[in-house]
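Protein chains: 4
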Amino acid sequence: MAKPIQSALIGQKFMGRAHSNAFGQVAKFFDLPRPPALHTVAARDGAELAAFAERWGWANHTTRWRDVAADPEIELVDVATPNHVHAEQSIALLEAGKHVACEKPLAGTLADARAMRAAAKRAAKKGRKTFVWFNYRRAPAIGLAYRLIREKRIGRVYHVRATYLQSWGGPGTPLVWRFQKKHAGSGAHGDLNAHIIDLARFLTGEEIVEIHGAVSRTFIQSRTIPGTRRKGRSDVDDAVLFLASFKGGAVASFEATRVAAPHQNANSIEINGEKGSLRFDFEDMNLLRFHDASDGDREGGWRRIMCTSAGNHPYAEAWWPDAHILGYEHGFTNMLADVCRVIARKKPELPIPDFEDAYQTQRVLEAALLSARNRTAVKLSEVR
Amino acid sequence: MAKPIQSALIGQKFMGRAHSNAFGQVAKFFDLPRPPALHTVAARDGAELAAFAERWGWANHTTRWRDVAADPEIELVDVATPNHVHAEQSIALLEAGKHVACEKPLAGTLADARAMRAAAKRAAKKGRKTFVWFNYRRAPAIGLAYRLIREKRIGRVYHVRATYLQSWGGPGTPLVWRFQKKHAGSGAHGDLNAHIIDLARFLTGEEIVEIHGAVSRTFIQSRTIPGTRRKGRSDVDDAVLFLASFKGGAVASFEATRVAAPHQNANSIEINGEKGSLRFDFEDMNLLRFHDASDGDREGGWRRIMCTSAGNHPYAEAWWPDAHILGYEHGFTNMLADVCRVIARKKPELPIPDFEDAYQTQRVLEAALLSARNRTAVKLSEVR
Amino acid sequence: MAKPIQSALIGQKFMGRAHSNAFGQVAKFFDLPRPPALHTVAARDGAELAAFAERWGWANHTTRWRDVAADPEIELVDVATPNHVHAEQSIALLEAGKHVACEKPLAGTLADARAMRAAAKRAAKKGRKTFVWFNYRRAPAIGLAYRLIREKRIGRVYHVRATYLQSWGGPGTPLVWRFQKKHAGSGAHGDLNAHIIDLARFLTGEEIVEIHGAVSRTFIQSRTIPGTRRKGRSDVDDAVLFLASFKGGAVASFEATRVAAPHQNANSIEINGEKGSLRFDFEDMNLLRFHDASDGDREGGWRRIMCTSAGNHPYAEAWWPDAHILGYEHGFTNMLADVCRVIARKKPELPIPDFEDAYQTQRVLEAALLSARNRTAVKLSEVR
Amino acid sequence: MAKPIQSALIGQKFMGRAHSNAFGQVAKFFDLPRPPALHTVAARDGAELAAFAERWGWANHTTRWRDVAADPEIELVDVATPNHVHAEQSIALLEAGKHVACEKPLAGTLADARAMRAAAKRAAKKGRKTFVWFNYRRAPAIGLAYRLIREKRIGRVYHVRATYLQSWGGPGTPLVWRFQKKHAGSGAHGDLNAHIIDLARFLTGEEIVEIHGAVSRTFIQSRTIPGTRRKGRSDVDDAVLFLASFKGGAVASFEATRVAAPHQNANSIEINGEKGSLRFDFEDMNLLRFHDASDGDREGGWRRIMCTSAGNHPYAEAWWPDAHILGYEHGFTNMLADVCRVIARKKPELPIPDFEDAYQTQRVLEAALLSARNRTAVKLSEVR
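Residue numbers (my numbering), protein chains in the order written: chain H, 5 to 388; chain X, 5 to 388; chain B, 5 to 388; chain Z, 5 to 388.
Since the hints were derived computationally from the structure, they do not count as laboratory data. Hints may contain errors.
The list that follows gives simulated cross-link-like pairs (lysine-lysine, BS3-like), each with its CA atoms no further than 25 Å apart [said to hold, decoys possible]:
(1) Z/K279 / H/K235
(2) B/K7 / B/K32
(3) Z/K235 / H/K279
(4) B/K383 / X/K383
This one's a predicted model, so the numbers in the text were calculated from it and none came from an experiment.
Assemble the whole structure, with the sequences as input and the hints as a guide.
What follows is the structure, given as structure tokens:
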């Protein structure tokens, strides 16, 4: 029988739960050359860690993440911690010879991202792999979109419109850590624009070469400090919009906001090309809209494709018979299946972003901030 | 620590997988007074049973389901077998003192259902519980609809339109067992109308009192016998439509079909009442449409409610932070959480159908068939 | 220059306005072999008639509709009066040698309809034409659906689901004439089901051969008498549902209601066939949904077709450049263009229902009422 | 009886037809203090002018537009000519004492617009009115949105996303005049962005104060010269995107394109505010989406409002009974009703843009072009 991939997880919050679920589910649904084994979970706060480990099936637990680096049994480490510690942990883990799967965005700063990319490059020489959890790539609808584009079904790309609209940042929301730069790095930009930049780059297969303009705005600067009646200052963006060009000439708009009240999780992208168009919205994550221009004026129009048919849509066949829809967490499980395949030297269902790839997304995030700050267009070649 | 509910499962096909998944997931997401323990899986076909048990975490496996009935450790048995064996197994299990959770529809015939109901009544005196897996009751959107109706937000019910539209039964589909009466009992009717009858009864809280007319049709009578080039005869319905009245005077149409090509899994229901309306479609299972007539002509209209907010929408808080959508299989997990609560003498989040309840649904199925056969209206009081 | 078709209109209410608008607009948008001339408007109530005639451009007006029959200059008479006078007026006009365009439904009773059909047959021998204003046939989206079906794009028809849902008949609506049988004949059935029966027959090209069951319901029996605080009795249906079969074996459900609060004018039809499916909803009247099964599971799904492209969609080219949407009243203008073409012995863009055709729709209305009353299925061959 | 407003029209192309239709229809549907009389139509090309005048009911016609300026009977002149002649004609007409209703955009250049605004200011002293045909303000759904915002139902505005997506400019479209700068001035920018800038300013009631960045792109530079097989150069934009801020701090993205194949006429705007949100798409022009944040997380969501109820939605009552949808051309008729009211010194249903107002839109168009050209942000105060 195949030797399992001994795996560790650092983190026990929202992402810790989502990733733990993927580790528990993946071998039930996917036939993997080497399934993962849940070796150790590490987290700073020990109070609830034993219960967390038991609930999710981690064999061991520790409050010292460096134990994980030091443990020779462990092959793969999943870094599901806040952005500002990604670099320190990932680099140490790579240097200790682990494969590393890191939460997105790659890092809190471009400098951190650059260092992680360099570490990944060094580790690659010893066969170590890196992965970044851009989970939305693994929705079956996105997988189908990716394949249609590779099959040249939309032709030359003219236009990308990507938005990530959320609602939870209104004036009633208190001053939690996510509204403080020292803890969160940025607001909607790093959290949400990171996802749609990754999706746009992944789907088009093209790099962004210029930012034409950007605006970052903090609408609600004064928020109630939790547990008090006093007000404190929010110093992260509530929304960031920017315009960009791709290498092939396509233009794009990106918009991330936490104050779009009717939208819960509207991670959406539309791509218009010479021969066809595609549209996705995570709130309807099982659907892909596809317009095939060859359907003609008389009979053409957005097709509403349910991406639940086994065999055709990436990952769909692993789950249920045709026509049974998937949810949010399945993206992580789908990705973990591909991570396990790559570690076992098999082909993933779809390309997985590594640190090099995620570094390119980080450059775009940085260029947009520069553009907003300097009130000018910014060429990506200026941001390294 | 709470004593787990030692549980067994009979069946290893599609439903066996879906239920096994629920047994594996439920205690990870729900804090239960008594979580289930995966004691034994039973199935006729032993060839793949050991692998199935290992994959899904069942401690033991057997090809004789009566072993399960005989095992004094086991408290709860999940019957996920074909309809025609539900009665024999469920009755034996109840008589052996087990709680029984049976797949829907309750049985292949009304006589079987009647016997099961009687057995459940006897077992109830000894504290044994019965449950039927009408899983769609557990979509958070259906839960919210149920509560809005209980809060009298739609008032007197005028109208119900329920459809369950699938696409897989076209002329290209071969003569699998589902198209043969001796194996399947019926076609779309027992499989699909059972679900929407249950939803309509559950949501309105009213019983159906009359069938006004019905039509059953087999569009494709000749199908290719699998593995051959010969044709054989399909003798089950491809579609059944019927009209009904509820006790409070509401009228209703029901429609189940396997030859509605653009629909994958369109289990949908719309309820129009004096003060408001509700609409649900399983293809968008995280959404509920609600029209509150008090919004007025000027500002009123269908509201598109994302049922993903913790605390408000039944079951949503168990899963992920707000705004992360759920999928098909979560319905089973949500239901199993309620089954465990009931066995532990706690209140379920929402009412669970027992054999008595599912027997009422079976009577409606039967009355519709009678109406189609006799070309007359049929009062439910005539069908017992 | 072409000799105009001297035309008269009987009626000055809602339909009088809608038809007058069509008479005023048709020659501005369509190049007709013989455009209509607005010769005379007749209506019982003379108080506002002169103003009506001036506003809409009718050259003459009279309170005696028989003047119109007697006037030798008039070729075409449009009967836009209440249902119970259709027969008397239309028959007299046909006997006077006029072409007659009558509002739908053809008549208030089957006996009236039968007499009108006979009169039309006699008049046809002298070259007189009859037309019935089933205006929804003339939405460009319906025209495209008609053509796709004729081109065998959906193949054998399996299923029709037609609903006409309105909201205005709630308990707050007073006892206007529409709720009194002696004035209105019937409620939702004659008003709304007539439209969807016509659409279903028109699109499929098949006749209905059996009613499998029906239910008629008056939910609100007591309504306030307008201008008083007293209550009176409503004796027409608020909703009628029925099931039917077409000659080719397709099954169908029809539903008309005035108490579906979130729906304004949801005249909708879905047709599922062996090779494709079509869906239309008048609330989105410029759209046709089309599913071409040959798009396959991987890439297929409802196509959202904007029916606004000149040349492809019937009537669209008469109006504006591509992509400019039409509204409710355009259906009447489109139909009048075809009426004028037929009178000028040219081919209409699409078939127009004549009295024979509308009589078939009337038989279906009658059969559904019989089925509801007798609580049995009814074969259409029994209703003549 | 009221003295009619003697009116003239310059232009007989697409806009000439649309405006002529409005002149013919307005007094049929609206009770106006002073209805328009169709005095004269002027157009350069005399070949088809007589037929045009007869078809649409213009009493006189001329190939010299200055005849219209000179005719003392004429009070109102509608300028429906290409952008580059708007200034010359409008200024001369104003100086001749006419009220002027000019097609949008106000002019082909900012200098022209500035001169027109100055002429309007001078003429205003003598009581002359100016109007600009931003017809989309007159969709009932936009009217309702306007009123909801004035009633403070969405509160402080955070975000505007406006797109105008069309499909007709793909590589197969030949080099018609619209692709040549000397004839058209600009491409999608002046044609489409003008509309959505006007809508955004109108709805929010706020001015744009800064352009944060812009990109203008000509995707298809070489097109077939009509009637030849040779290629010529297109020198106008196929798409222009820009980001902006409003005075109150709201951020906005604008996007106009002619190469978005699945979109016919997607003039859409979404406005997110502190208390609510609004969304409109001209392809569903009878609908307004409204999210009232006070509906709460549990029950809130986009409401789909059919804007067809008389009395509530501006203009709806003039047309048909409730629930009958309007089309493209009704916007012109609705606007003309307001133009007639203003000339008769009555209050319009909704504010009409005059030359001053349209000049502000022109400044935004210009600022966006400057931003794209200079690769910097541009403050509106720099553009006069």
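Hint check results:
{"no.": "1", "hint": "Z/K279 / H/K235", "in the structure": "21 Å, holds"}
{"no.": "2", "hint": "B/K7 / B/K32", "in the structure": "16 Å, holds"}
{"no.": "3", "hint": "Z/K235 / H/K279", "in the structure": "21 Å, holds"}
{"no.": "4", "hint": "B/K383 / X/K383", "in the structure": "22 Å, holds"}
In this structure, every one of the numbered hints holds.
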